[in-house]
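**Student:** Sequence:
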Amino acid sequence: MKSYSLCCVLVSLMVLSGCTAVEPDVFDGEDLVPVGYQTFSLHDHDGHAYGSGNWSNSVVVVQFMLTNCWDVCPTQTQDLSVLYKEFSDDVGADLEFVSITVDPWRDDEVALNDYMAAFNTSWPMVTVPFLNDENLTVIEQVWTDFDITVTLLESNNSTSIQGRGHTVYYNVEHTDGIVLVDRDGMQRVRWTGDDWNLDGIRNDLNALLDGY
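Final position of the sequence shown in our numbering is 328; the numbers increase by one with none missing.
Simulated from the structure, these hints should not be mistaken for lab results.
Hints should not be assumed to be uniformly reliable.
[What the hints assert, rightly or not] Derived EDC-like pairs (lysine to aspartate or glutamate); straight-line CA-CA distance at most 20 Å:
#1 Lys201 / Glu212
#2 Lys201 / Asp300
#3 Lys201 / Asp315
[As the list claims (entries may be wrong)] Pair ranges (Cβ atoms, derived):
#4 Asp300 / Glu202: 22 to 28 Å
#5 Tyr328 / Ala209: 16 to 22 Å
#6 Val226 / Trp186: 16 to 22 Å
These numbers were taken from a predicted model, which means no experiment stands behind them.
The beta carbon of each residue, even a glycine, is placed where N, CA and C say it ideally should be.
Model the full assembly from the supplied sequences, consistent with the hints where possible.
**Tutor:** See below:
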C-alpha cells in the first residue's frame, strides 16, 4: 500500500511540474516581465510638450540614444528609420516611434534637429526643455523605469562637446537600444547592441501589433 501511495504522489508531482513548465520565449528579442512606467511629460525637438500621454493605445518603439554617439546609436537609428517607413501605415494610429536622449545636457532642440536632418528621421526626439532639477528628475525617472543606466565620465579629449550645465568635457556610457511597449502600456521586449537584429525587431513589432 505504501509503495502504491508513494508512486501516486510521484506521478502527481510529475504532472504538476509539467503543467508549470516555463513557456518558450515569445519574442525574438529579450522578453521582459510586463511592467509599466510612471507617466511623464518632457519636450520634443520642436519644443512641444511630449510624454507618455502621446502613447495611448499604441505599440511604441522607445529608443534611448544621444546625438554625440557615433557607434551603435547611428546604426540603430538608421535601422529604425527603415522600420518607420515599412510600418508607415500603422504610424500615428497603432504605432509610435520616439527617441529619448540620455544626454539632456548636450541634446537641446538644436542638437536633436541636426541629428534628425543627418539621419533623415521624422519621429519625435525628446529631451528636457531647459535644465533644472525638476526636469532632470523627470527624465532620470524615465531612464529608471525603462532600466536604462546612464553614467557620465570626465573626458580628456578636447574634441568632446561640453553640455549645458557642465564645465568639463565628458562622455556618456549608457544602456543602448530600444524597448517595445504594448498597447496596454506594458514593456514587453528589449533590443540592445548585443543582439540587435532588424528582422527580429520587425517580427516583434508585428506580434505586438497583432495583439500578442
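**Student:** Hints first: check each against the structure and report whether it holds.
**Tutor:** How the hints compare with the structure:
1. Annotation: proposed proximity of Lys201 to Glu212 holds, straight-line Cα distance about 12 Å (limit 20 Å).
2. With a CA separation close to 24 Å, the supplied pair Lys201 and Asp300 exceeds the 20 Å bound.
3. The hinted pair formed by Lys201 and Asp315 meets the criterion: a straight-line CA distance of about 14 Å does not exceed 20 Å.
4. Restraint check, Asp300 to Glu202: a C-beta distance of roughly 24 Å satisfies the suggested window 22 to 28 Å.
5. Separation of Tyr328 from Ala209 is about 18 Å and conforms to the stated range, judged on CB atoms against 16 to 22 Å.
6. Take Val226 and Trp186: their Cβ atoms lie about 18 Å apart, and the range 16 to 22 Å holds.
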